[in-house]
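Q: My request is simple: use the sequences and hints to build the entire structure.
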Amino acid sequence: DARVTQTPRHKVTEMGQEVTMRCQPILGHNTVFWYRQTMMQGLELLAYFRNRAPLDDSGMPKDRFSAEMPDATLATLKIQPSEPRDSAVYFCASVDTGGNEKLFFGSGTQLSVL
Amino acid sequence: AQSVTQLDSQVPVFEEAPVELRCNYSSSVSVYLFWYVQYPNQGLQLLLKYLSGSTLVKGINGFEAEFNKSQTSFHLRKPSVHISDTAEYFCAVRAAGNKLTFGGGTRVLVKP
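Residue numbers (the numbering used here), protein chains in the order written: chain A, 641 to 754; chain B, 48 to 159.
Misleading hints may appear alongside valid ones.
[Said to hold, decoys possible] Mimicking SDA-like on lysine to any residue, the simulated pairs with C-alpha atoms at most 25 angstroms apart in a straight line are:
#1 B:K146 with A:F744
#2 B:K96 with A:I666
#3 B:K96 with A:L685
#4 A:K742 with B:V76
#5 B:K116 with B:K158
#6 B:K146 with A:T678
#7 A:K718 with A:T653
#8 B:K96 with A:R690
#9 A:K702 with B:A48
#10 B:K146 with A:N691
#11 B:K158 with A:K718
#12 B:K158 with B:D55
#13 B:K146 with A:T653
Just so you know, the hints here were simulated from the structure itself, not pulled from any lab data.
A: As structure tokens, then:
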């Protein structure tokens with residue numbers, strides 16, 4: 641079955657370190673989302689891309705977060721420097737907006753910043 | 048702009064009892080509506096979606112939802128729940144070309 645792959649599944653790091661999360665969307669999907677899930681805020685949209693172009697990253701703290709799609713098979717989310725408040729589960733999702741509108745989620749990256 | 052409100056943050060329910068999860072949305076344009084389920088320690092999975100056509104939508108695992116345009120609602124129902132339905136359920140809305148916006152989630156706890 642086609643699936644969205646996220647790595648790493650878990651990441652523990654110290655405050656101030658750089659964190660890079662990777663996502664491989666489903667082949668042929670033209671839109672990729674990054675969401676952050678916390679107990680307090682629920683699911684927040686951080687950024688999304690269509691055909692590799694960033695469409696909206698207003699949900700992302702610009703001073704420390706950056707999202708890119710270097711090619712159609714890879715999306716990255718970087719945090720530099722990381723802070724304890726960044727601890728959350730980060731989900732990537734992809735969809736073919738010209739298809740059946742079914743959004744596929746990855747299993748998430750559980751990030752803990754100490 | 049669009050928004051989604053899930054009125055119940057937690058719903059405890061006994062096994063084999065019916066459950067309804069409420070979802071209301073606001074949008075100035077026509078929308079697509081979705082329900083997603085998140086089992087413990089997993090990503091989200093699509094339960095069902097409304098794009099157009101019949102307002103009663105049937106999804107996986109015996110769930111169904113009804114789109115009510117006048118009330119801007121998309122409530123999710125299941126006539127008889129199982130222990131395995133214990134999960135968090137998210138309602139979501141997307142206007143054509145726009146981002147998918149999620150509600151705050153409803154945690155369903157099915158008790159034996």
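Q: Could you run down the list of hints and mark each one as holding or not?
A: To see whether the hints hold, each was checked on the structure:
{"no.": "1", "hint": "B:K146 with A:F744", "result": "holds (14 angstroms)"}
{"no.": "2", "hint": "B:K96 with A:I666", "result": "holds (20 angstroms)"}
{"no.": "3", "hint": "B:K96 with A:L685", "result": "holds (20 angstroms)"}
{"no.": "4", "hint": "A:K742 with B:V76", "result": "holds (20 angstroms)"}
{"no.": "5", "hint": "B:K116 with B:K158", "result": "violated (33 angstroms)"}
{"no.": "6", "hint": "B:K146 with A:T678", "result": "holds (19 angstroms)"}
{"no.": "7", "hint": "A:K718 with A:T653", "result": "holds (13 angstroms)"}
{"no.": "8", "hint": "B:K96 with A:R690", "result": "holds (21 angstroms)"}
{"no.": "9", "hint": "A:K702 with B:A48", "result": "holds (22 angstroms)"}
{"no.": "10", "hint": "B:K146 with A:N691", "result": "holds (14 angstroms)"}
{"no.": "11", "hint": "B:K158 with A:K718", "result": "violated (41 angstroms)"}
{"no.": "12", "hint": "B:K158 with B:D55", "result": "holds (17 angstroms)"}
{"no.": "13", "hint": "B:K146 with A:T653", "result": "violated (31 angstroms)"}
When the structure is compared with the earlier hints, violations turn up for hints 5, 11, 13 and for no others.
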